[in-house]
Structures are given as C-alpha cells and as structure tokens.
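Peer 1: As a plain string of letters, each chain reads:
2 protein chains.
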Amino acid sequence: MMRDVYIIGVGQSTFGKLSDRTAADLGLEAVSEAIKDAGIRPQDIRVAYGARQFDAATTAQSILKGVGVAAIEMVNVENACAGGATAVRGLWKDIAFGLYDMGVAVGVESMTTSSIAGKLIPPQKDDLDGHLGLTFPTYFALIARRLMETHGAAAEDFALVSVKNHHHGCLNPRAQYRKEFTVEQVLASFMVADPITLLECCPNTDGAAAVIMCSKDVAMRYTTKPVKIAASVLLSGDYFFKKADLTSITLGKNATRMAYEMAGIGPEDLDLIELHDAFACEEIIHYEDMGICKPGEGIKLLRSGATALGGKIPVNPSGGLLSLGHPLAASGVRVIGELALHLRNQAGKRQVPNAKVGMAQMLGGMDNGLEAGAAGIHILTI
Amino acid sequence: MMRDVYIIGVGQSTFGKLSDRTAADLGLEAVSEAIKDAGIRPQDIRVAYGARQFDAATTAQSILKGVGVAAIEMVNVENACAGGATAVRGLWKDIAFGLYDMGVAVGVESMTTSSIAGKLIPPQKDDLDGHLGLTFPTYFALIARRLMETHGAAAEDFALVSVKNHHHGCLNPRAQYRKEFTVEQVLASFMVADPITLLECCPNTDGAAAVIMCSKDVAMRYTTKPVKIAASVLLSGDYFFKKADLTSITLGKNATRMAYEMAGIGPEDLDLIELHDAFACEEIIHYEDMGICKPGEGIKLLRSGATALGGKIPVNPSGGLLSLGHPLAASGVRVIGELALHLRNQAGKRQVPNAKVGMAQMLGGMDNGLEAGAAGIHILTI
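Protein chains in written order, with the working numbering: chain A, 1 to 382; chain B, 1 to 382.
This is chain A alone, in the form it adopts within the complex:
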C-alpha cells in the first residue's frame, strides 16, 4: 500500500553565528541549493514541511516565497532537536501514502537573532528538574559521571569524541568550527559542568538544511541514483530523568529498534551514522543503544577508532553537532542530507568509502520538564 520514498536533492546553508541573516534567508539558501541539486523547478514542489524551534512563524511559507512557491499545503513543525526529523517524517508520510509526489522538508534555526533561544528561562511551578538546576549540561554531567563510575570511562574518553568529531569537521567545508584539537586542549577548555568542558558541548549555531523528496517514478526522471528512505520513525517518550539507568536513553533505543525493523536491517548493516552529539559523552551512550557495540562496550569501541573516519562504522563524519554546529531544527534535516551525500559518493574529503546504508538519528527534549522528548530515526539506502 505504501510507496517507496526517495531523496533527490540536498541543500545546506552556511552554518555559524550569523546575526545579519534572517531565518527565512538561511532557509532559502538551503532550499535553493536542494532545488538545484535535484534539478527540479520550484513549482514541482507540491507540499512543504518547515521546522523551527524558536520564534517559529509560518516557517515554510516565509522561506518558500523566496522561490515563488505559495499556494500549496505547508506544515510547520516543532519537536525539540527532533524537529527536522519530524518534518522529514511528515513529508515521507505524504509521499508514501500517495497524497503528493514531490515535496521539500526544510529545517532552520536562527539562535543569534532569537530573543528566547539560549536564554535561561525560570522554571515553571511544577518543573522539579528546573528547580533542581537540571539543565542540559548539568544533566549530561550526571550521565558522564555515571559512565565513569560504571563503564570505565575516563575524562579523556569524552575529550576523544570531541577530538574525533572536530577532526571530521575540518574535512567539511560547511562546518562551523574547522579546527583540530588535542585531548589535552579539550580537557583544558572551560569547565561547564564537571566533567563536561566547553569543547565537549555543541555550540549555538544559525543555519538551515533542506531535502527534496519524491516517489520512485518521479525520482527516476531526475536521477539514476536516488537515495531510498528505508525507515522513517518518530517516537516520543522520556528523554531522561526518573530512570533507573543513566547510561541508556530508552527513547532513542526503542526508536532505533523500530527503524531497524522497518528497514529490515540490523546495526551490523550500517556503513555510517549521523547522531545527536550535543555533548561528547552522549555519543558513547548512543553507540550502545544503537547496538553497534555490546552494552557497556561503547568506550572500547570509541578507543578502537572504529567510529572515526577510516574505521568500521564512522559516526558523525560531518563533524557532528560538536564541530559542524547545531541549529536545532535544522540538524534533523541536515543529518539526513549528510547521509544522502555519502550514499551518492559526493561527500568530498569526509566521504565514507562505498557507503550503502546509513542511519540518521536526532533526539532531544526541552527544558520544560526533561521527560518530554522526541526521537526521529531515518535509515537511508542506495
């Protein structure tokens, strides 16, 4: 009953602290590139999904008027760090169920120009986490400390994730920070929430990303190598807190399992992964939750070099959130575009050789009660 859905166009704006750019402007840069990459005309787009976390106001409309597209169905979504994945999932449904043949998903964030992004918001009356000071860095500091207690992690391991992803970012011309760091430099950077240092936190980033998606018969008109979306999963649940085990995120684990089932593959089939490394220690947890190593062996996998470019299963070859940057709602679309580039063998110096299967994961929650999270998982094949 469902149709296969393909990606035929990928676009990404400049990433950085861009106070002179509007969100619409950044979104337009990404959408224009995706349209050009796909080789379509703007009017071929029959449905649009826009994602933006902060200051959202008819996101897709304000972007698409820049390419002269207005009188179509447009849906704007929000889902914390999984907002971009939510846009792709919505578009996937519309095409899979035959409602439309082609559409665009665009995610954008302008943290710099927002009056609310990145500001400390006083906790609401029923927000126990907030009153306890449980913000994202402090929560991940608890997780990191737990990994040290139970998983044999050392402070150097978290630093190593940052070193790896910054090295990858140096190979990506679109990365916000293109600078190599040593483990010592990462450890010596400003202490944000012990043991998490500044270079183990993703930066604030302005930017946008877009993908053009369509049905198989339409895709074949534009390319002989369309990238197939083999799984699209969106799941909510506790992001964290009230959990027995701080070293696993059940929401991400369950969503990943659903995606493997939908695609009919397992972790051993993956050639690369793009995932939510908002904090360096988080990446290690995802290794275990995704099953690319056994439970408790994430540190070992990291140290072996398997997740670096050149390794068995490169993770965040783009540079990840840590080096490439993290414009919240853009990231969920960006990771999917990154996979498509690798599967098309067009990822330049950061190319994962012979990549055939990739998984893009974004998950997150909001400060308003950290339980309220969302996870978006997409598996792409060629």
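By construction, these hints were calculated from the structure, which means they are not laboratory data.
Do not take every clue at face value.
Any copy, or any two copies together, can satisfy a pair, since identical chains are not distinguished.
EDC-like mimics (lysine to aspartate or glutamate), calculated; alpha carbons at most 16 Å apart, straight line [unchecked claim]: (1) K65 to D126; (2) K65 to D127; (3) K349 to D101; (4) K228 to D101; (5) K125 to D20.
Here the structure of chain A is known, so what remains is to put chain B in place on it, guided by the hints.
Peer 2: Using the frame of chain A, we list chain B on its own:
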C-alpha cells in the same frame, strides 16, 4: 484507499486571561475532557498532534504526560491561526491512510504568560509591510474602509457583527466575554484603527481545545452517532497584501472551494459555520468568499439576520473569536469541536436546530510578511 475519519470526543478548557495557568495545564484540561467525552482510556491514543504558536516546546508531550501517555508518535505544529486546523489535518491523514486507528489533536495558547505573544516586534530589514506600519488591525482597517467604499458597508455593519457574536457568546458558558452590547456601545468603544473599534477586535485569550479522532470501526465501539470529517484541507498562500481586491481573501476562497469539492457539497448544504472573525469586518468577507451569498452581498446577508442564531445559516454560534476568545493555535481545534457539539445536538442554548453539516474555517498569517498565510478548512457531517 482512504478510510473515513470520525470525531468521537471533544474538549475545551476555560478561556480567559489566566496568568496562573501553564499551557500544559490548559491543554491537559481540554484533553482530559475530550477523553472523558469519547469514553476512551488515555492509552487508546496512539498518536498525538499538538499546536501552539508562541513559546512552543514539545507541546503534545508536555500535555499528554498529564494523562500518562508518552511513548507514541507526537507531532507539534505551527501555522499561525490555522495551527489547530493543521494539527487536525495531520491526525486526519494518519487515520485516513491507516497508520493509526485513534489519536488526539490539541491546540493551546497561553498569551498571558508568553514573553513574546502580543508584543510589537520591530520589522526585519526586508519586511516592507512592517516598516509601513501594516499590522493586523491597520490592515483590516484598510479592508473595512474598502468595504465601505465599494460594498455599501456602514460602520454600523461591522458593529453588528460584534453585537451578533457577543450575543451568541452569552449563550456559551465557555466564552471569555459573556456580555451583550449594542451597536452604539461597539461604535463608542476605543478606536483602534479607524474604522475598527476595540469591540470589533478579538481579545487576547489563554485556552486550549482538543478532539479525539478515529477510524469508523473504532468509532462504532464508542458511539452510535460519530461525527464524520467529510473534508480536510490545508492550503498556504498570500493571506493578503499585493492584492488587486481587498474585499476577498483568495487563500480562504480557494481552500473553501477545495473543501466543498472533497466533501461533495456546496455552500447551500451548510447548516452552520465557525470562522475566523479576528476582526468584525473580516466575517463579512468570508460570507462572500464561502459562497453563502453572492459577491458584494455580504452586508445584505448580515443585515437580514441569516447569519445569527435562528437564521438560515448561523455563523459563529459559539460567540466566535470576538466573544468566545482567540487562543491562537487552540482556535483551529476549537471550531471543529464546536461543530461536533452542534451535530450531536449537545450545544445547549446556542444549539443550531437539526444541524447535519457544518464548516470550520481558520486562516491567518504572521506579522513577518503578511503574505505568508495558511488556511485550514474542515467540513463535518452526521
């Protein structure tokens, strides 16, 4: 291929200026009522759509955790005043295409507690409308003036819309303002943007609304009188500006036409309408765009009393945005719930007798370039 989709539960929170209530709290009030109305258990909900315009942060998750629902797909949407309709449309697709059998759509707005809602935002560099002072009241003032020039409207006609809808609101225990006004009182209220007076503008409102929707076979387990969604349309386009004719909103007109076609009905089949009366003059334009009178005859229709309760085609029997209130993203869900109550003959003192077919319309745009609008139209039958 598509399945019919039904509404089996309706809920609405208190509406008003409620500075001591959080958005999650208001949403929970509406969802809890809808669950009770439907006679389902919270765990029967398999997918959730949340809509919120300002300060959105995992809207559905933060509401549904109040009824113990977490690990399902949740999508949060934004689309100006059509945000609530966008949530219903998304849920409609999921059920129509067989992805899920039952779900909830909830819209909520807390204007009072928002740091950004209702604030004047300085126009961005490319926002010509903003630099010209074209905010919503001033734009609708141009429309009202045009109606006076070309359609024979008098200031008293706009006041009459407000008098009518406030009268309806007096019959609705959930309305924010339950007070009768005379034409003279409306005209004598504070002049906002000539000729629009304060009582011809919808108020700022905090509140939430929810509907439970499901497939036909599931609906039949809970009720013998489910309300059918005969049409669900979401369309974007120019809300206004750069238009030859100020007395018609093409976006709304086109979306309505699509809805009639989808439902296989015409305007003559409608028993009642709930529509976007953000400003009194706007209601008159919608009469003509919806075809419930001939072009140019909206004023005549209003004066005849046909659109008041007891008339041929009551418009905004709830009290409309003018009297019931307008919590932005909640309104698009609320109008659909209002229709369902009438079709079930449960609308109390404001009941439209023998109502079998109703149309709910919400449209709007944002101040960031008034062209970027959205219209959501739903036609319900029993």
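Peer 1: Run every hint past the structure and note whether it holds.
Peer 2: So, going through the hints one by one against the coordinates:
| no. | hint | result |
| --- | --- | --- |
| 1 | K65 to D126 | between (41 Å within a copy, 13 Å between copies) |
| 2 | K65 to D127 | between (39 Å within a copy, 13 Å between copies) |
| 3 | K349 to D101 | neither (33 Å within a copy, 47 Å between copies) |
| 4 | K228 to D101 | within (14 Å within a copy, 27 Å between copies) |
| 5 | K125 to D20 | between (37 Å within a copy, 10 Å between copies) |
Of the numbered hints stated above, the single one contradicted by the structure is hint 3.
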